[in-house]
Amino acid sequence: MTWHLPTSVDDVVRTRAERPEAPIVAGGTFLGILVRQGLVEADEWISLQRVTELTRMHSAGDLSVGAMVTHRRLELDDTVRTIWPGVAAAFKAVASPRVRNRATMGGVLADADYASDPPSMLVASNAVAEIASVRGTRRVPVEDLIIGHYSTSMEEDELITRVVVPRPTGAAVYRKLRTRSQEDRPASSVAAVVHGETVRVVVGAVSDRPYHFADVCSQWRPGDLDSAREIGEEYASRIDYIDDNRGSAAYRRHVVGVEVRRALMAVAR
Amino acid sequence: MNLTLNVNGRAVDVDAEPHDMLVDVLRDQVGLTGPRVTCGVGLCGTCTVLLDGEPVSGCILMAPLAQGKEITTIEGLPEDDEVVASFDRNHAFQCGYCIPGMVLTARDMIDKGHACSREEIREGLGGNLCRCGCYLKIIEAVEEAAQ
Chain H
1 MTWHLPTSVD
11 DVVRTRAERP
21 EAPIVAGGTF
31 LGILVRQGLV
41 EADEWISLQR
51 VTELTRMHSA
61 GDLSVGAMVT
71 HRRLELDDTV
81 RTIWPGVAAA
91 FKAVASPRVR
101 NRATMGGVLA
111 DADYASDPPS
121 MLVASNAVAE
131 IASVRGTRRV
141 PVEDLIIGHY
151 STSMEEDELI
161 TRVVVPRPTG
171 AAVYRKLRTR
181 SQEDRPASSV
191 AAVVHGETVR
201 VVVGAVSDRP
211 YHFADVCSQW
221 RPGDLDSARE
231 IGEEYASRID
241 YIDDNRGSAA
251 YRRHVVGVEV
261 RRALMAVAR
Chain L
270 MNLTLNVNGR
280 AVDVDAEPHD
290 MLVDVLRDQV
300 GLTGPRVTCG
310 VGLCGTCTVL
320 LDGEPVSGCI
330 LMAPLAQGKE
340 ITTIEGLPED
350 DEVVASFDRN
360 HAFQCGYCIP
370 GMVLTARDMI
380 DKGHACSREE
390 IREGLGGNLC
400 RCGCYLKIIE
410 AVEEAAQ
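Order-wise, the sequence lines are chains H and L. Letter 138 of the first sequence, counting from 1, is numbered 138 in the numbering used here, and no numbers are missing. Letter 2 of the second sequence, counting from 1, is numbered 271 in the numbering used here, and no numbers are missing.
With the rest of the complex left out, here is chain H:
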């Protein structure tokens, strides 16, 4: 077996273009489970562990997060906690410190696992992913990146290099509903971020991908409980829910209405 250790983004995308079957390993927390369970096998692997340019983070204007920045770093960074508290909260909600010490920004988006915490907050925050390949670089809103269960709109030779989160102009709230234990994945993941006079509400972990309904959000009257309740009910009714160990579809339909309402009341405070 071959464990490729490229040291630059150019190296990575060239290596991947020549070996499209070789999995790219970032933090390895999700791939590690799949490999251990025999769900992923490969003769060649491409590890990002030596690509130092992917570990950069800047917060002078917008927040620019390299693909290899860990959840733990986002959770603990003073500037992120102060200016992007919703982002810090969503990454802090993931699993345990052990996982957050390894799991990365690029990994959580490329995996597109429906039961992750960060995607709903990143979509609500209007985050944009920068994606590189031998053909060049392009930018894709996270909203258009995750398109279904473990599916993204990326081509197989592409690599997420960084994610840019605009500087917020209003409050942000992340609500994670756990139904089993502290380190569990969310049964529902609701993010609400105020942008000027409008709000972006995004619901994740209850269906194949995060859901945002701009037409419903446009009805919002800040601080009005009836408005928050109506938006919650509309979100609850529009999503096609899954059943899993964390909750039935019927249960999720109910809690999404409640969680959206509470998130909207919290951002209006």
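Cross-link-like lysine to any residue pairs, in silico, SDA-like; alpha carbons within 25 Å at most:
(1) H:K92 to L:G309
(2) H:K92 to L:E392
(3) L:K381 to H:P85
(4) H:K92 to H:E130
(5) L:K338 to L:V353
(6) L:K381 to H:S59
(7) L:K381 to L:E339
(8) L:K338 to H:M57
(9) L:K406 to L:D350
(10) H:K92 to L:E323
(11) L:K338 to L:R305
Covered, in the sense of this in silico footprint (three residues per stretch, anywhere, with C-beta under 8 Å from a C-beta of chain L), are these stretches of chain H:
(12) 22-32
(13) 41-51
(14) 95-106
Just so you know, these hints were derived from the structure itself, not from any lab. C-beta atoms are modelled at their ideal positions from N, C-alpha and C, and glycine is treated no differently.
Please build the complex by placing chain L on the supplied structure of chain H, with the hints as guidance.
Below, chain L alone, put in the same frame as chain H:
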């Protein structure tokens, strides 16, 4: 694949493929049985090791990812480690199976200043399960060691 790992301050040569997890390499090739395999999905914390001082789940860490990092297992802590002594004084265990993971997680929390309140300690140990249910004693032991 031949890998050189830095374990508890010494360089160790092992033969490990990417599908070999660090905990198995440490147990089967290096002979360190402090890290244990239980859930196999990074949930329970018995496989905890420190990688450059930060706790990680050894059961889902592909062994090559540990190259170039300093790996610390419970065997690598000094004999007079304050966290170990505090667990002992507080009788913070019954069967002891989860304790290496608890101690290493606590070591990191204390070193980084994340064990300043009971709430913070509870949250920090949230991913380490003790099926004997010794949580109260464990929290007291960490609280005492942090002082």
